[in-house]
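Colleague: The primary structure of each chain is shown beneath.
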Amino acid sequence: MPTPTNEHIVSSYEDELIQLAASIAEMGGAVETAISSSVDALLKVDHTAARELLAADAKIDDMQRAIDETVVSMIARRQPMASDLRMIIASIHVANDLERVGDMAKTICRRTLQLDGSRLSPKFYNGLRHMTDLTLRQLKEALDVYAARDPEGAIAVCEADAEIDALYVSLFRELLTYMMEDPRNITQCTNLLLAGKSLERAGDHATNIAEASYYLQTGKNLAVLLEQKHKS
Amino acid sequence: MSDIATRDIPVKAAAETTRSLFERDPKIKARWNAEGRFRAYGIGAISIGLMFLVVLLVTIIGNGLPAFTQTYVHLNIELKASKLDPKGNRNPDDMAKVMTFGYNPLIEQALEEDLAKAGIETDMKASALRKLLSSSVASQVRDYVLSHPGEVGKTVSFEVLASGRVDGYLKGRVTREALAQDKNLDAAHLDIVDTLVKKGIVERRFNLDFILGADASDSRPESAGIGVSMLGSLFMMLVVLVLSLPIGVAASIYLEEFAAKNWFTDLIEVNISNLAAVPSIVFGILGLAAFIQFANLPQSAPLVGGLVLTLMTLPTIIIATRASLKAVPPSIRDAALGVGASKMQAVFHHVLPLAMPGILTGTIIGLAQALGETAPLLLIGMVGFIASNPPTDLVAGFLHPNSAMPAQIYEWAKRADPAYYERAWGGIIILLVFLAIMNIVAVILRRRFERRW
Amino acid sequence: MEARATDQAIANADHEVIKIEARGVDVYYGEAHAIKGVDIDIAEKTVTSFIGPSGCGKSTFLRAINRMNDTIDSCRVTGTIKLDGEDIYDRRVDPVQLRARVGMVFQKPNPFPKSIFDNVSYGPKIHGMVRGKDEMDELVQDSLRRAGLWDEVKDRLAQPGTGLSGGQQQRLCIARAIATKPEVLLMDEPCSALDPIATAIIEELIDELRENFTICIVTHSMQQAARVSQKTAFFHLGKLIEEGATEEIFTNPRDKKTQDYITGRIG
Numbered sequence: 001m002p003t004p005t006n007e008h009i010v011s012s013y014e015d016e017l018i019q020l021a022a023s024i025a026e027m028g029g030a031v032e033t034a035i036s037s038s039v040d041a042l043l044k045v046d047h048t049a050a051r052e053l054l055a056a057d058a059k060i061d062d063m064q065r066a067i068d069e070t071v072v073s074m075i076a077r078r079q080p081m082a083s084d085l086r087m088i089i090a091s092i093h094v095a096n097d098l099e100r101v102g103d104m105a106k107t108i109c110r111r112t113l114q115l116d117g118s119r120l121s122p123k124f125y126n127g128l129r130h131m132t133d134l135t136l137r138q139l140k141e142a143l144d145v146y147a148a149r150d151p152e153g154a155i156a157v158c159e160a161d162a163e164i165d166a167l168y169v170s171l172f173r174e175l176l177t178y179m180m181e182d183p184r185n186i187t188q189c190t191n192l193l194l195a196g197k198s199l200e201r202a203g204d205h206a207t208n209i210a211e212a213s214y215y216l217q218t219g220k221n222l223a224v225l226l227e228q229k230h231k232s
Numbered sequence: 001m002s003d004i005a006t007r008d009i010p011v012k013a014a015a016e017t018t019r020s021l022f023e024r025d026p027k028i029k030a031r032w033n034a035e036g037r038f039r040a041y042g043i044g045a046i047s048i049g050l051m052f053l054v055v056l057l058v059t060i061i062g063n064g065l066p067a068f069t070q071t072y073v074h075l076n077i078e079l080k081a082s083k084l085d086p087k088g089n090r091n092p093d094d095m096a097k098v099m100t101f102g103y104n105p106l107i108e109q110a111l112e113e114d115l116a117k118a119g120i121e122t123d124m125k126a127s128a129l130r131k132l133l134s135s136s137v138a139s140q141v142r143d144y145v146l147s148h149p150g151e152v153g154k155t156v157s158f159e160v161l162a163s164g165r166v167d168g169y170l171k172g173r174v175t176r177e178a179l180a181q182d183k184n185l186d187a188a189h190l191d192i193v194d195t196l197v198k199k200g201i202v203e204r205r206f207n208l209d210f211i212l213g214a215d216a217s218d219s220r221p222e223s224a225g226i227g228v229s230m231l232g233s234l235f236m237m238l239v240v241l242v243l244s245l246p247i248g249v250a251a252s253i254y255l256e257e258f259a260a261k262n263w264f265t266d267l268i269e270v271n272i273s274n275l276a277a278v279p280s281i282v283f284g285i286l287g288l289a290a291f292i293q294f295a296n297l298p299q300s301a302p303l304v305g306g307l308v309l310t311l312m313t314l315p316t317i318i319i320a321t322r323a324s325l326k327a328v329p330p331s332i333r334d335a336a337l338g339v340g341a342s343k344m345q346a347v348f349h350h351v352l353p354l355a356m357p358g359i360l361t362g363t364i365i366g367l368a369q370a371l372g373e374t375a376p377l378l379l380i381g382m383v384g385f386i387a388s389n390p391p392t393d394l395v396a397g398f399l400h401p402n403s404a405m406p407a408q409i410y411e412w413a414k415r416a417d418p419a420y421y422e423r424a425w426g427g428i429i430i431l432l433v434f435l436a437i438m439n440i441v442a443v444i445l446r447r448r449f450e451r452r453w
Numbered sequence: 001m002e003a004r005a006t007d008q009a010i011a012n013a014d015h016e017v018i019k020i021e022a023r024g025v026d027v028y029y030g031e032a033h034a035i036k037g038v039d040i041d042i043a044e045k046t047v048t049s050f051i052g053p054s055g056c057g058k059s060t061f062l063r064a065i066n067r068m069n070d071t072i073d074s075c076r077v078t079g080t081i082k083l084d085g086e087d088i089y090d091r092r093v094d095p096v097q098l099r100a101r102v103g104m105v106f107q108k109p110n111p112f113p114k115s116i117f118d119n120v121s122y123g124p125k126i127h128g129m130v131r132g133k134d135e136m137d138e139l140v141q142d143s144l145r146r147a148g149l150w151d152e153v154k155d156r157l158a159q160p161g162t163g164l165s166g167g168q169q170q171r172l173c174i175a176r177a178i179a180t181k182p183e184v185l186l187m188d189e190p191c192s193a194l195d196p197i198a199t200a201i202i203e204e205l206i207d208e209l210r211e212n213f214t215i216c217i218v219t220h221s222m223q224q225a226a227r228v229s230q231k232t233a234f235f236h237l238g239k240l241i242e243e244g245a246t247e248e249i250f251t252n253p254r255d256k257k258t259q260d261y262i263t264g265r266i267g
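First to last, the sequence lines map onto chains A, B and C.
The working numbering numbers the first residue of the first sequence as 1 and each following residue consecutively.
The working numbering numbers the first residue of the second sequence as 1 and each following residue consecutively.
The working numbering numbers the first residue of the third sequence as 1 and each following residue consecutively.
Just so you know, these hints were derived from the structure itself, not from any lab.
Being a predicted model, the structure only gives us computed values, none of them experimental.
The beta-carbon is built from N, C-alpha and C at its ideal position, and this holds for glycine as well.
Hints are supplied without guarantee of correctness; some may be wrong.
Claimed, not checked - In silico contact screen, one side only, chain B against chain C (beta carbon under 8 Å); selected entries: (1) ILE332; (2) ASP334; (3) GLY340; (4) LEU354.
Using the sequences provided together with the hints, build the complete structure.
Modeller: Here it is, written out as structure tokens:
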């Protein structure tokens, strides 16, 4: 929850801003749960759970729609300026990114449904599990950084994304090896690969959330700044 | 979202705290009663004021109206050439040598003849009969003869003034009982007068000379008029208008717009306000010392009277002008300055025209006040001066001694003859008419010049 | 993307012509210190808005630019304000001449109680700007056109200016101000007494006038400042807290006080 340093004179405006932040946090929590549950379902090849999670995605979509409507209403009624304006615009972007992550969880569930009832071998999914942990941590960090408006933390999240990308590349190679070893692994490994891709993309969305929080706090674009930093 | 929506607001029982709108609160009743009483006091006060006003008007008009009518006698006088023009050459300069005394026999003869023609018998002597007429008749006939020498030898019909007592008798002022002590007239005279009135030879009609004519001596109230002193007042007002308006307005504009706000200007302002309350006779003494003794201006002249009244009216005009200037909203000044007008241009092009209605009203009120002032004229000699000759030209109008209307009225009221008392009331009516006209002019001018801003 | 936009703004600033330069301006009303050490540059042919809470001195500063404060006896101004490089508080400067070059429009429309024509022609007349009736007619028509009022009043130029509606009166005041062909137009909350439609008409007018005039506008409405101006200056308790491009001030102000005021927090 963002802590305002001083309050709006109109307290209902202040309440609305707090409520908006709470909605984002709630959506973030729901999405985190969606990702970890969908990966669990994948690793256990639990079709029932996967189907339930697919249905639950509708709730996440609803949350995003609700946040959009709130933002439009606040712009019309409150004419937000400066930091309030940035915060409200950032909320749209973050809600959008969270909804995309929700869609990633949905994709993972579909992968689960593609696998037949056979159990997965641990050596296949250890890499994926590691990647999941990393992605979940990124998500949590990004949401915390957003709530706390921490520019340094935002930079850290963006830079940590490289690790997920690297992990995806190594997972890709590993699963490729397994597939080349034994053609019967191909179904499992391809699905696992696709799941990994989804996680990697979820990680990218986490960095978007971090960039949004950086913009919120400083009014500057983090991506451009990091690009310049890496050039020099 | 917020807690309020979930909280239940208890609905108040209607009987507890709210009462019907149709039911009157006892406190309201008390208030209405108090307001009603206050309104009654107000109406009572106005009624008393109106009552005094009505009494005043009725008294003035009742006492003053008779002054506008005068008794005249139709007389046919034979202008005997033998008496009036001994040399026979109809030369006015020669004829002027015949004084009014010489006309009296002619008048007496005319009286006897006309009475006989009317069928009135009397054993009064001709000289006694002449007492029926005003003592100004002889000079009236003489003036006519000198200006119309060709009429000598003819019988001319004249309308002459009856004497003041006769006039008083016809107006009901003089009673037969009162005449018992009178040495001029007695009951026999009055009988003749009654018969003459029936015959139409003596009549009471509107007297323009009262309004336009000159003042007369104590013994001839019937020929006294307020005209000359009216001219005196007029010339005085001219002086006051021409001097006090520009000086007052200019002083006011300077004090209001241009002068620095320090203790010195504050002192001036306080003093000006106090001057408006100074007794008017003080201005009279000032005028005596400054204008007559120091500047050697002619005594009793309207010019001097005007100067004294100017001093009296200036504070009124200055105060009225300042109030009008202050009433002009500063946004107009700001607008003018914002366009690049200098302070002077802003004042003269914008502020002054908007203040004009107030200034005019103040001026006319000041003039009206000055018109009615008597005390300051006391010491410069305009009170008590008998205004018997109208001024000959414009310059003389300002410099020759004269009186003013209120002074004239006071003078008349002092004189013994009751006819003069009646004339004083008549003079008051004329004065009031003037004041009413001036105030109406003020209202009209104000309406004309008023602009909305 | 953001950084590139800022670079652009900085680059533009280098090419800007500065019309009014204020350095170390202090204004005192008797003992009260109303404006404290203000330094600001007003760029030519732009709209600069002065915002800030009540009593912060923005109107006082505005009035200092055309020396309207001279009319208040207890007011004292120190520091320099230069118009095209010439200090307007120099002893040699006549305020009357200055005010022909720096026009003013006030908060409450205050047309003269004269005809519409006379309202507009008064300024040029006293400054002797035109010769002859035809030139004056043309000047009045031109000013009324620029103020967007011509079509509405061309048939009733002889009628009093006070008979117009509030918005029309304010446009008449604008026409009157621009009739003297000033270079700078100062507007002190010109729309605060008007309804939204009239306000919008005047904002459009300000946008058009900006091509030829340098405009400084004091406003209580931040939305108006955001809509109408290119540069914004935030005043607080007599000091100039922050000044810059309107977009920057309203999306990402540098100073916390500015932020608090703009967002409606207790400052």
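Colleague: Does the CB of ASP334(B) sit less than 8 Å away from some CB of chain C?
Modeller: holds (6 Å)
Colleague: Checking hints one by one. Is ILE332(B) an interface residue toward chain C, by the C-beta closer than 8 Å rule?
Modeller: Holds: closest Cβ of chain C sits about 6 Å from ILE332(B), inside 8 Å.
Colleague: Would the hint on LEU354(B) stand, with a C-beta cut-off of 8 Å toward chain C?
Modeller: holds (7 Å)
Colleague: Quick check on GLY340(B) please, does its C-beta sit within 8 Å of some C-beta on chain C?
Modeller: holds (4 Å)
Checked against the numbered hints above, the structure violates none of them.
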